[in-house]
Amino acid sequence: METAATAVNPAGRRAALTGNEAAALAMRQINPDVVAAYPITPQTDVVQFFSSFVADGEVDTEFVTVESEHSAMSATVGASAAGARAMTATSANGLALMWEVLYIAAGLRLPIVMAVVNRALSAPINIHCDHSDAMGARDSGWVQLWCEDAQEAYDNIIQAVRIAEDERVLLPVMVCYDGFIISHAMQDLVVLPDQAVRTFVGERRADYRLLDPDRPVTMGPLDLYDYYFEHRRQQAEAMSRAAEVIRETAGAFADLSGRRYADLETYRLEDARVAIVALGSTAGTVRFTVDRLRRRGRKVGLVKPRVFRPFPGRAFQEALAGLEAVAVMDRSDSLSGAGGPLFAEIRAALYERAVGPGGAVAPGGREGRPRMPVVLDFIYGLGGRDLDPEQVTQVFDQLTRVADTGQAAGGPVRYLGVRE
Amino acid sequence: MNGWKDIPRAGIIPNPGNAVRYRTGDWRTFRPVWHPERCIQCLLCWVSCPDAAIQVRDGRVVGVDYDHCKGCGICATECPDKAHALEMTREDEARGEV
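Each protein sequence line maps, in turn, to chains A and B. Quick note on my numbering: the first sequence kicks off at 1 and runs consecutively. Quick note on my numbering: the second sequence kicks off at 1 and runs consecutively.
There could be a bad hint or two in this list.
List time: in silico DMTMM-like cross-link candidates among lysine to aspartate or glutamate, alpha-carbon distance up to 25 Å [as the list claims (entries may be wrong)]:
id	chain 1	residue 1	chain 2	residue 2
1	B	K5	A	D207
2	B	K70	B	D51
3	B	K5	A	D139
4	A	K299	A	D333
5	B	K82	B	D65
6	A	K299	A	E390
7	B	K5	A	D226
8	B	K70	B	D26
9	B	K5	B	D26
10	B	K5	A	D166
11	B	K70	A	D223
12	A	K299	A	D255
13	B	K70	B	D92
14	B	K70	A	E248
15	A	K299	A	E248
16	B	K82	B	E37
17	B	K5	A	E248
18	B	K5	A	D60
19	B	K5	A	D223
20	B	K5	A	E167
21	B	K5	A	D271
22	B	K5	A	E244
23	B	K82	B	E97
Since the hints were made in silico from the structure, they are not lab data.
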C-alpha cells in the first residue's frame with residue numbers, strides 16, 4: 001500500500017509494533033556483536049524478543065545471559081573494550097544497579113548503546129513510567145536521547161550507534177522511552193530494510209582493542225591526581241562535540257528515512273505567548289492539547305527535547321526567548337526542594353541568555369537583552385500517574401494567567417495530578 | 001606534563017612494557033643484599049620475585065635491580081637456609097643515612 005511514509009521512503013515498510021518490539025527490531029537490524037542483558041519490567045520483552053532472534057539465527061550476536069544488571073553492564077563494558085559493538089537494555093532499578101558501571105563505560109569512552117525503558121524507582125515499589133531512572137543517570141557521562149513514541153525509539157536506537165562510535169564522541173548513549181506507554185503500546189510505524197540499517201551503522205572500527213595481541217593496550221589503569229582531571233576534561237569535551245555529531249547523524253538519517261530529528265522539536269511556537277516543555281510520550285498529549293486550544297484561538301505551543309545530554313542550552317534559549325511564560329514538565333523530582341531536573345537546567349540556560357554571555361551583564365545593563373519568560377515547573381506523572389489533556393489545559397490556563405498578570409503566586413514549583 | 005588535548009583518551013596506555021620506566025625502588029624500607037660467595041644458583045629468588053628484580057645473566061644470578069625492587073623480602077625468605085645468600089638489611093642503613 002502506498003502511504004505518505006512509504007512515498008517519502010520507498011524502501012520502508014509499515015509495521016504494527018510495540019515500542020519494545022521496535023527496539024528489539026532495531027537491535028536485530030544493527031546486529032551487534034554482543035548483547036548482555038537481564039530482564040526487568042517494562043524492558044523485559046526487548047530482551048525476550050532479541051533472544052528469539054539469537055535462537056533463530058537471525059543475528060550473529062553473542063548473547064550473554066547474566067545474573068544482574070551490574071553484570072549486564074560489566075559484560076557489555078568488557079565486550080566493548082575488546083572492540084565489539086555491544087548493546088543492552090534496562091529499566092528503573094536495573095539501571096540503578098548498573099550505577100558504578102555506567103560511569104566506567106563513559107570513563108573508558110566505550111560506545112555502548114542501551115535502551116532505557118523509563119520506570120519509577122523504588123521505594124515504594126512501582127513498575128510504571130516516570131523518568132527518575134534516566135534522570136538520576138544524567139551526570140554519568142552518557143548521551144541521552146528521548147523518544148515520544150515507538151517510531152522514535154526505533155529511529156533513535158539506530159542513530160545512537162553512529163553517534164556513540166563517532167571518533168569525535170566515543171561515549172555511550174542511552175535511548176530513553178516511556179515504560180508501558182511506549183514500550184507496550186502498539187503503534188503503526190515505518191521500518192527500514194535490514195540492509196539499509198546495516199549500511200547506515202556500518203562496522204565498528206575500534207582504534208584500541210583489549211584483545212588485540214598484536215597491539216596490546218592497558219585500559220582503566222590507576223589514574224590519580226596527576227592525570228584523572230585531564231581525562232574528565234576530555235569526557236566533557238567529547239560530550240560537547242556530541243552535539244554536532246548528533247545533528248550530522250540526524251541529517252544522514254533524514255536522507256535515509258525521510259524522518260528528520262532536531263535537538264528540540266518546536267510545535268506551533270511562532271506566535272505563541274506560552275508554551276510547555278515536555279519529554280517523551282507526554283509531548284504527544286501536549287501536542288493534541290495545543291491543537292485543541294489553538295482551534296479556540298489560544299496562542300500556545302510545545303517544545304519537545306530529543307537530546308538531554310549534551311544539554312541543548314542554546315536551543316532552549318532560541319526556542320523560549322520571547323515567550324511570556326513556560327511550563328517545564330518534569331516526570332521526576334530531584335527532591336532537592338528546588339524542582340525537577342529539566343526545570344533546573346532550562347531555567348539556568350535562560351538566565352545566561354537574560355544577563356548576557358557567561359552570565360555577565362552586558363555593557364549598558366540589561367537593555368536590549370531578550371525578555372525571558374517566567375518559568376514554572378510541573379512535577380507530574382510519578383509512578384505512572386496518567387496525564388490527560390484536561391490537566392494539560394489547566395497548565396496552559398495557569399501559564400496564561402501568569403502571562404496576563406505577571407504574577408506567579410505560590411512559587412515556581414507545582415505538583416500536577418497529586419491528591420492534596 | 002601534557003595537557004588533556006595531548007594524552008591518550010580515558011587513561012588508555014597504548015605503549016606496552018613501560019613499567020620499567022617507573023622506578024619503584026624508592027618504596028623500599030628493607031633491602032635484599034646478595035652474597036655471591038654463598039649463592040648456590042638455585043634461582044628460587046628469581047622465580048619468586050614479583051617485580052622481576054633479580055638480575056640473571058647466562059642462567060646465573062648476578063645481582064638485584066634496586067631501581068625496581070620494592071623490598072618485599074620474598075627472595076630472602078625463599079633463599080634456602082643452607083645458602084643464606086640473600087639478607088634483608090635496613091634501607092636507611094644501606095644508604096648510610098643513619
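How the hints compare with the structure:
{"no.": "1", "hint": "K5(B) / D207(A)", "result": "17 Å, holds"}
{"no.": "2", "hint": "K70(B) / D51(B)", "result": "8 Å, holds"}
{"no.": "3", "hint": "K5(B) / D139(A)", "result": "22 Å, holds"}
{"no.": "4", "hint": "K299(A) / D333(A)", "result": "29 Å, violated"}
{"no.": "5", "hint": "K82(B) / D65(B)", "result": "24 Å, holds"}
{"no.": "6", "hint": "K299(A) / E390(A)", "result": "17 Å, holds"}
{"no.": "7", "hint": "K5(B) / D226(A)", "result": "15 Å, holds"}
{"no.": "8", "hint": "K70(B) / D26(B)", "result": "7 Å, holds"}
{"no.": "9", "hint": "K5(B) / D26(B)", "result": "31 Å, violated"}
{"no.": "10", "hint": "K5(B) / D166(A)", "result": "17 Å, holds"}
{"no.": "11", "hint": "K70(B) / D223(A)", "result": "21 Å, holds"}
{"no.": "12", "hint": "K299(A) / D255(A)", "result": "33 Å, violated"}
{"no.": "13", "hint": "K70(B) / D92(B)", "result": "14 Å, holds"}
{"no.": "14", "hint": "K70(B) / E248(A)", "result": "53 Å, violated"}
{"no.": "15", "hint": "K299(A) / E248(A)", "result": "33 Å, violated"}
{"no.": "16", "hint": "K82(B) / E37(B)", "result": "13 Å, holds"}
{"no.": "17", "hint": "K5(B) / E248(A)", "result": "23 Å, holds"}
{"no.": "18", "hint": "K5(B) / D60(A)", "result": "37 Å, violated"}
{"no.": "19", "hint": "K5(B) / D223(A)", "result": "16 Å, holds"}
{"no.": "20", "hint": "K5(B) / E167(A)", "result": "14 Å, holds"}
{"no.": "21", "hint": "K5(B) / D271(A)", "result": "45 Å, violated"}
{"no.": "22", "hint": "K5(B) / E244(A)", "result": "19 Å, holds"}
{"no.": "23", "hint": "K82(B) / E97(B)", "result": "31 Å, violated"}
Hints 4, 9, 12, 14, 15, 18, 21, 23 from the list above are not met by this structure, while the remaining hints are.
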